[in-house]
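The lines below spell out each chain.
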Amino acid sequence: MRSLSVALAALALACSGPGPKPPGTDPCDAAYLHLDQVGCEPKKPASSSWVEVCRVSRLSGLFDLRCMNAADNVPAVEKCGVTCVGH
Amino acid sequence: MPRPASFPTGYLRDDEKTEYPSHYQLLSAGPPTLQKADHLFARKGLIWQADVGMCVGAWLKRAVQLWLELNGHAAPAMISGKFAYDIGRSMAYAGMEPENVPPLRDAGSQVRLVLVGAQRLGLADEAHYPDPTSPDWNPANVNRRPSPDDIINAYDMRDLEFYEVSRGAWGIRESIRACMVRRHPVGIALFVDSGVFANEGEIVTDINESDPSGGGHMVGVLDASHDEYAVLDNWWDNPGLGIEWGMPLPNALDLPRGVWRVAWPLLESRIKACFAVEAVPLQRAADAIA
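Residue numbers (my numbering), protein chains in the order written: chain A, 323 to 409; chain B, 465 to 754.
Please keep in mind that the hints were generated in silico from the structure rather than gathered at the bench.
A portion of the hints provided could be inaccurate.
Unchecked claim - Pulled from the structure, derived: some chain B residues nowhere near chain A, Cβ distances all over 10 Å:
| no. | residue |
| --- | --- |
| 1 | D478 |
| 2 | D614 |
| 3 | R721 |
| 4 | A743 |
What the hints assert, rightly or not - Listed below are several chain A residues computed to face chain B (Cβ distance under 7 Å; list not exhaustive):
| no. | residue |
| --- | --- |
| 5 | Q359 |
| 6 | E363 |
| 7 | P367 |
| 8 | V375 |
| 9 | K401 |
The beta carbon of each residue, even a glycine, is placed where N, CA and C say it ideally should be.
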């Protein structure tokens, strides 16, 4: 057990060591960025933002991002239940 | 078509203690604006749950329809009861990564999760999210989750207001009436047995809560103005199936199909939960209608 603790501590130190921190890993921000990269501007809700709705939904067990994150073009994204504006 | 051997439970008791707003707030909500606790005149549109355990969502659908109608919206949209059911079921996994949520099961929903889910995620229009009454209803979608687009397109319901109706000092009958004369649609949960399945319009005076064929169900209160019984709305009626399931046909009282009359003493002793809708975000729903 002690050796495991030492190993975990070393790993933690390595991951939090000096150097630039990784960019924010909010899954909704990342998904939105991915959609942008494949040329999809997702349809916005009437009274909020796509990212905000994504975040709230994910807190409620919805908005599985696997499909859209795996899509590499607009038709593939739209098969995930995401409407891309202008397409 | 044979009568179903058992009734799939659609109403589930809340799995955690919840402090709801109470109907006592009605005391400061202004005087009654209806002469009597009767919403039958405002009931429009068929609501049918088929064999899906979505009675809580079906009630919310009726409650939204009634509220809009009772409060001056002549052509209210019908929201999707299935969407309400689906977000209520998904809410049971709140806090879990959506990617790890197991497949939904058609096993009913808690009122708390449906109502809070509606506030949090909105409600969909039936035209965009099919119910069993919709022409494009597909039974294979019973357990599908709302897609990102479904949620993006939903009505914003953050201003949806509801409260719990408790017995209080006046008893549940008077409490329900107090809500209804203020144009607040009321829903109740109770156990229904095989005798209720076979009801043909007579007043229900007994329910066997030990009946293994029975289950938890949520219905709406349409008319609480009579001394002897309450008229309850239900979601089982459809041509053919309604007869097979023993739903009352139009009778001498000129009641519409798909309603029950249940004796007050029975109802008062068997209600598992009682809720009312106080406000539906009007402007956004009206926008959606336009």
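Do the hints match the structure? See the list:
The claim that B/D478 lies off the interface holds: its Cβ sits roughly 16 Å from the closest Cβ of chain A, which is beyond the 10 Å cut-off. Residue-level check failed: B/D614 sits 7 Å from the nearest beta carbon of chain A, not beyond 10 Å. The Cβ of B/R721 lies farther than 10 Å from every Cβ of chain A, with a closest approach of about 35 Å, so its non-interface assignment holds. The Cβ of B/A743 lies farther than 10 Å from every Cβ of chain A, with a closest approach of about 17 Å, so its non-interface assignment holds.
Below 7 Å, beta-carbon pairs count as interface contacts, and A/Q359 has none with chain B, the closest being about 17 Å; its hint is therefore violated. Because the beta carbon of A/E363 sits about 12 Å from the nearest beta carbon in chain B, more than 7 Å, this interface hint is broken. Hint on A/P367 holds. Least Cβ distance to chain B is approximately 5 Å, under the 7 Å limit. The beta carbon of A/V375 comes within 6 Å of a beta carbon in chain B, closer than 7 Å, and the hint placing it at the interface holds.
About 10 Å separates the beta-carbon of A/K401 from the nearest beta-carbon of chain B, more than 7 Å, and the hint is not met.
Hint compliance for this structure: hints 2, 5, 6, 9 are not met, and every other hint is.
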